[in-house]
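2 protein chains.
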Amino acid sequence: MKLQSFEEYPFVTGGVCAAQGFRASGVCCGLKHQALSCVTEQAAEANLPEDDAPKKNDLAMIVSDFECSAAAVYTQNKVKGAPILVTKEHLKNGRAAAVIVNSVNANTCNADGVEKANKMCELAAEALDLQPDDVVVASTGVIGQVLPIEPIEAAIPALTKALSYHGNTEAMHAIMTTDTREKELAVRFQIGKKTCTLGGMLKGSGMIHPNMATTLTFLTTDCAISPAMLQQALSDVVRVTLNRVSVDGDQSTNDMVCIMANGMAENKEITDENADYAAFRGALYAVMLNLARLCAADGEGATKLIECVVTEAASEQVAETIAKSVIESSLFKAAMFGADANWGRIACAMGYSDCEYDVNKVSVDLASSKGRITVAKNGCGVPFSEDDAKTILLEDEVQVLISLDSGDASAIAWGCDLTYDYVQINGDYRS
Amino acid sequence: MKLQSFEEYPFVTGGVCAAQGFRASGVCCGLKHQALSCVTEQAAEANLPEDDAPKKNDLAMIVSDFECSAAAVYTQNKVKGAPILVTKEHLKNGRAAAVIVNSVNANTCNADGVEKANKMCELAAEALDLQPDDVVVASTGVIGQVLPIEPIEAAIPALTKALSYHGNTEAMHAIMTTDTREKELAVRFQIGKKTCTLGGMLKGSGMIHPNMATTLTFLTTDCAISPAMLQQALSDVVRVTLNRVSVDGDQSTNDMVCIMANGMAENKEITDENADYAAFRGALYAVMLNLARLCAADGEGATKLIECVVTEAASEQVAETIAKSVIESSLFKAAMFGADANWGRIACAMGYSDCEYDVNKVSVDLASSKGRITVAKNGCGVPFSEDDAKTILLEDEVQVLISLDSGDASAIAWGCDLTYDYVQINGDYRS
Numbered sequence: 002m003k004l005q006s007f008e009e010y011p012f013v014t015g016g017v018c019a020a021q022g023f024r025a026s027g028v029c030c031g032l033k034h035q036a037l038s039c040v041t042e043q044a045a046e047a048n049l050p051e052d053d054a055p056k057k058n059d060l061a062m063i064v065s066d067f068e069c070s071a072a073a074v075y076t077q078n079k080v081k082g083a084p085i086l087v088t089k090e091h092l093k094n095g096r097a098a099a100v101i102v103n104s105v106n107a108n109t110c111n112a113d114g115v116e117k118a119n120k121m122c123e124l125a126a127e128a129l130d131l132q133p134d135d136v137v138v139a140s141t142g143v144i145g146q147v148l149p150i151e152p153i154e155a156a157i158p159a160l161t162k163a164l165s166y167h168g169n170t171e172a173m174h175a176i177m178t179t180d181t182r183e184k185e186l187a188v189r190f191q192i193g194k195k196t197c198t199l200g201g202m203l204k205g206s207g208m209i210h211p212n213m214a215t216t217l218t219f220l221t222t223d224c225a226i227s228p229a230m231l232q233q234a235l236s237d238v239v240r241v242t243l244n245r246v247s248v249d250g251d252q253s254t255n256d257m258v259c260i261m262a263n264g265m266a267e268n269k270e271i272t273d274e275n276a277d278y279a280a281f282r283g284a285l286y287a288v289m290l291n292l293a294r295l296c297a298a299d300g301e302g303a304t305k306l307i308e309c310v311v312t313e314a315a316s317e318q319v320a321e322t323i324a325k326s327v328i329e330s331s332l333f334k335a336a337m338f339g340a341d342a343n344w345g346r347i348a349c350a351m352g353y354s355d356c357e358y359d360v361n362k363v364s365v366d367l368a369s370s371k372g373r374i375t376v377a378k379n380g381c382g383v384p385f386s387e388d389d390a391k392t393i394l395l396e397d398e399v400q401v402l403i404s405l406d407s408g409d410a411s412a413i414a415w416g417c418d419l420t421y422d423y424v425q426i427n428g429d430y431r432s
Numbered sequence: 002m003k004l005q006s007f008e009e010y011p012f013v014t015g016g017v018c019a020a021q022g023f024r025a026s027g028v029c030c031g032l033k034h035q036a037l038s039c040v041t042e043q044a045a046e047a048n049l050p051e052d053d054a055p056k057k058n059d060l061a062m063i064v065s066d067f068e069c070s071a072a073a074v075y076t077q078n079k080v081k082g083a084p085i086l087v088t089k090e091h092l093k094n095g096r097a098a099a100v101i102v103n104s105v106n107a108n109t110c111n112a113d114g115v116e117k118a119n120k121m122c123e124l125a126a127e128a129l130d131l132q133p134d135d136v137v138v139a140s141t142g143v144i145g146q147v148l149p150i151e152p153i154e155a156a157i158p159a160l161t162k163a164l165s166y167h168g169n170t171e172a173m174h175a176i177m178t179t180d181t182r183e184k185e186l187a188v189r190f191q192i193g194k195k196t197c198t199l200g201g202m203l204k205g206s207g208m209i210h211p212n213m214a215t216t217l218t219f220l221t222t223d224c225a226i227s228p229a230m231l232q233q234a235l236s237d238v239v240r241v242t243l244n245r246v247s248v249d250g251d252q253s254t255n256d257m258v259c260i261m262a263n264g265m266a267e268n269k270e271i272t273d274e275n276a277d278y279a280a281f282r283g284a285l286y287a288v289m290l291n292l293a294r295l296c297a298a299d300g301e302g303a304t305k306l307i308e309c310v311v312t313e314a315a316s317e318q319v320a321e322t323i324a325k326s327v328i329e330s331s332l333f334k335a336a337m338f339g340a341d342a343n344w345g346r347i348a349c350a351m352g353y354s355d356c357e358y359d360v361n362k363v364s365v366d367l368a369s370s371k372g373r374i375t376v377a378k379n380g381c382g383v384p385f386s387e388d389d390a391k392t393i394l395l396e397d398e399v400q401v402l403i404s405l406d407s408g409d410a411s412a413i414a415w416g417c418d419l420t421y422d423y424v425q426i427n428g429d430y431r432s
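Heads up: the protein sequence lines correspond to chains A and B, in order. Just so it is clear: in the first sequence, position 348 is 349 by the working numbering, and no numbers are missing. Just so it is clear: in the second sequence, position 254 is 255 by the working numbering, and no numbers are missing.
The shape of chain A in the complex, shown without the other chains (with noise of 0.2 Å):
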């Protein structure tokens, strides 16, 4: 997938770790192991990883060398994770210094959740001589069984000890679980004559609907800005980038986007929406755009990455709900994976969304790096190759364009299509 650039915010690397005076790393510290066994007999039991096991990273931590603003949003599931209590709590403040984030295990719908996320914050409190409230902690992973912390407690020496202002890599390991792209990203921009960083890392590709946080996405900037214009940003970008982004339809327990700014640039400190807020709004936009977009192309078992752009909309809201209508339905995913042309499906999912709009009027293109093609215009099916349209859908970036010809307001959703190895991959997701 190419990344979306824009002029004024070149891409730099380091993600979490490319503003100035954030230290990340990762380890393995055997969650893995104690997954199954949590809910049987065993489940007092913590045993340490066995020797010959792959070690994949499933603990991070992000530390800024100075108190940060930060803020944050969070899923909207009525069912929430321990973890996400815990840091709401947190961040009621608007102040944070360090994050402290598991997978393979979700710590949600666990009697003793919050004893366990409380800990995790003290654990990486003490080691890091910072207050427990200075730290946001997120879990993700299977949903319902008890979280262990003795590995996370052993591990937490290891874990401190690994920091360095490289480690956001293996921090984002640590925070993947069916992922199999990476995602992090950077970019530099300008405040009045400061240079400023923000990056961040994404971790999503199963159990991913719009209407909330969607994924666990860290961010982070040397940029200066107060706690309220940073909660305000980053709800604002979210609503059009991550909100906007559907793999399957299943909203998680656990999503979080999480950012910390530390002032390190020493710009102008953001407190309203100036000039200097627009310029960091842009910044943000361009990542979190990016990490949605790696987001959806990386769902689960995903072939493509789908954009669905609508316009002409009689208003954005209108525009919005048709397009997640559409990257939204399993058998529009379906005919994407097949590269079948069938914009029956299209139709039929812009006709079961909850909005008003023409149907005589509708328009829907197809394109991609191959070409465009017309395949329906005032609401009824259009002659077109079927030969070309292959070729177009057979590309890893397929766009639907459709125009409602009744106003300007226009919205972009992004998915993937649905995929054998999506079956595979959910079929047996705790094993």
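One should not assume that every hint holds.
When chains are identical, the list treats them as one kind, so a pair holds in a single copy or across two.
Here are the computed lysine-lysine pairs in the PhoX-like style, where the Cα-Cα straight-line distance is at most 25 Å [stated by the list, open to error]:
{"hint": "1", "residue 1": "Lys162", "residue 2": "Lys269"}
{"hint": "2", "residue 1": "Lys391", "residue 2": "Lys33"}
{"hint": "3", "residue 1": "Lys89", "residue 2": "Lys362"}
{"hint": "4", "residue 1": "Lys79", "residue 2": "Lys362"}
Source of the hints: derived by calculation from the structure; they are not laboratory data.
Given chain A, put chain B in place with the hints provided.
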């Protein structure tokens, strides 16, 4: 799949021909060979099927010996097939005498759709010596391709000639698309001293979702009942049967459930909500409940029927919303395919359903003919045997039993697992 039986409503054979005075027929008119060429340059040319083609029926007729009370429930998709618009018009007077229906092509999103649907009614009426508005018309198949009327017109004499009091199965075969199982049944019941019969056939495997009529279903009865009461019974029973089935979350553009009652059982006509009405509604429920279960069990690619039963809810609305959310979750459906007791996905799907309930009072059991186990209580996981869970989930009928401990309302929804075959079937549906 075992049919669910009710003592007062014994099953009888005959499907839509089980009731007195209904004949049916089905033929292959050759629409399959037209499907793909319709959007190409050859759209206008009507080719007859080749001799070596498989002769799956694609055109059916159902005719009553006497004019009937008639009622229908339609898709709620804003994009409606042309036959839906025409049938709605014809049923305004609550009367009908015949049905003509084709598969392969949905006659939807076509500029000449209404014209073609009207033509189908005219052809049937002429052959049967009826008025066009006595005829119900329906189409199912690919959306957005011009319906070639010539093969239908050419087949009318054969279709009419084949009409028989035992033609139910031929007719049923004609409405099947990706269906792999025959779906027809009938029950006998008493209204006063008169014996009545009610039977039906259903087509539907993919693009199946609640909040609408779902699928094509045709029902016939010799019971005497007014159009108004017939409509009331149908709408009421659809709500708790077909509207609680989901295969893939996609609401079709062409769904219709239609019932015709010709009064030949000579019972006193049912004109209000009396005991006779209750008996009739019971028969309709017995038939439609089982058609709904057959529909879910035959979901595209499905290997098992999943029944989600929500009890002790504060309201039926809450119970229904949660039951539907669970059976619609792609992640849960994939786990069921893998016979993986990943109940966290059930909790997750409940949590993002659009209703209020106490997440800390939820208990979840999994059951089948092989036993029943509790996997969660008070919103948290409880230890269970993975082996027992696997044994239960490997059956072809699985129940998810959810208690909300908040009232005495309940609801059931039906779905199926998500499999490789769903993807395969829908990756290239049109060819």
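Notebook entry, point to check: Under a CA distance limit of 25 Å, which applies to Lys89 and Lys362: within one copy, between copies, both, or neither?
Noted result: between (45 Å within a copy, 23 Å between copies)
Next item on the list: Could you figure out if Lys162 and Lys269 sit no more than 25 Å apart (CA to CA) within one copy, between two copies, both or neither?
Entry: So Lys162 and Lys269 fail the 25 Å test inside a copy (33 Å) and across (87 Å) alike.
Check: Quick one: Lys391 to Lys33, C-alpha cut-off 25 Å, is that within a copy, between copies, both, or neither?
Finding: Close across copies (21 Å), not inside one copy (42 Å); limit 25 Å.
Item checked: Alpha-carbon proximity context of Lys79 and Lys362, limit 25 Å -> Between copies only: 13 Å across, 38 Å inside.
In summary, the one numbered hint that this structure violates is 1.
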